[in-house]
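Visitor: Chains as they are written, first to last, in the numbering used here: chain A, 20 to 139; chain B, 20 to 139.
Source of the hints: derived by calculation from the structure; they are not laboratory data. One or more of the hints may lead you astray.
Claimed, not checked - A short, non-exhaustive set of chain A residues, derived as facing chain B with CB atoms under 8 Å:
#1 L42
#2 Q49
#3 P51
#4 Q107
#5 E108
#6 E112
#7 L139
Glycine is no exception: its CB is placed at the ideal position from the N, C-alpha and C atoms.
There are 2 protein chains.
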Amino acid sequence: MKSLILFGHGARDSRWREPFDRLASLWKAQHPNVLVELAFLELMQPSLEDAIASQVAAGSTEVLVVPVFFGQGGHLRNDFPVLLKACQEKFPEITLSATPAVGEDEAVLQAIVDFSARAL
Amino acid sequence: MKSLILFGHGARDSRWREPFDRLASLWKAQHPNVLVELAFLELMQPSLEDAIASQVAAGSTEVLVVPVFFGQGGHLRNDFPVLLKACQEKFPEITLSATPAVGEDEAVLQAIVDFSARAL
Chain A
20 MKSLILFGHG ARDSRWREPF DRLASLWKAQ HPNVLVELAF LELMQPSLED
70 AIASQVAAGS TEVLVVPVFF GQGGHLRNDF PVLLKACQEK FPEITLSATP
120 AVGEDEAVLQ AIVDFSARAL
Chain B
20 MKSLILFGHG ARDSRWREPF DRLASLWKAQ HPNVLVELAF LELMQPSLED
70 AIASQVAAGS TEVLVVPVFF GQGGHLRNDF PVLLKACQEK FPEITLSATP
120 AVGEDEAVLQ AIVDFSARAL
């Protein structure tokens, strides 16, 4: 069973996570057969490890992590691979993989261009 | 004359700005008559004030700032309004406005859902 983790930075202000909650809700509405969970690098819960543990407990054998970040800086180039490797070692029985940051996706960038054009 | 500023957080790693540069390039290709500039809250140049100054010098009279952030936490709820107000006071002759964060836009979130679905 495959499952999805939407992985964000996290922030002190709890309202920061609203778009992440909306993302998870959109996913659930459109892909009800694929378990989704949010996870955060810091300042918010659950951690990536806790989210993976929850999905493994629910029967997932292949977890895909999507970093919901624009740029790929130190967090994604340095911290994230180490974290992912540590999680893979904790759960050797599953296949754990990750996409590039969503900011690398042309359609995501195009949606931002279109949003800006509508607002202008 | 209207112009657009795409406003990001900034990061130490210069590669972090790659999607922002791509965003500006997409805008220029699709909306060549509307001047666009990037600006950053911290760690990268130009600052919002410098970007506005550059657009005013180029003849802009209405500057729209689009925060390229997912969540609206302390940076956007506290720091950004203060910064925007200070910029408006520096350039009283122009109309300065801002949209919500791009992460509030349904189409941006949908693009992330679609990106995740393609990767799964």
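Visitor: Less than 8 Å between beta-carbons is the criterion; does A/Q107 satisfy it with respect to chain B?
Guide: violated, 18 Å
Visitor: Take the shortest C-beta to C-beta distance between A/E112 and chain B; is it under 8 Å?
Guide: Violated, about 19 Å.
Visitor: Any CB of chain B closer than 8 Å to the CB of A/E108?
Guide: violated, 23 Å
Visitor: Would the hint on A/Q49 be counted as holding, given a Cβ-Cβ threshold of 8 Å to chain B?
Guide: Status holds, d = 6 Å.
Visitor: Given a cut of 8 Å on the nearest C-beta pair, is the interface hint for A/P51 held or broken against chain B?
Guide: violated, 12 Å
Visitor: Do the numbers back the hint for A/L42, that is, is its least Cβ distance to chain B under 8 Å?
Guide: Hint holds; A/L42 Cβ to chain B Cβ min 5 Å, cut 8 Å.
Visitor: A closest beta-carbon separation below 8 Å is what the hint needs, so does A/L139 meet it against chain B?
Guide: Because about 6 Å separates A/L139 from the closest Cβ in chain B, which is inside the 8 Å limit, the hint holds.
The structure shown violates the earlier hints numbered 3, 4, 5 and 6.
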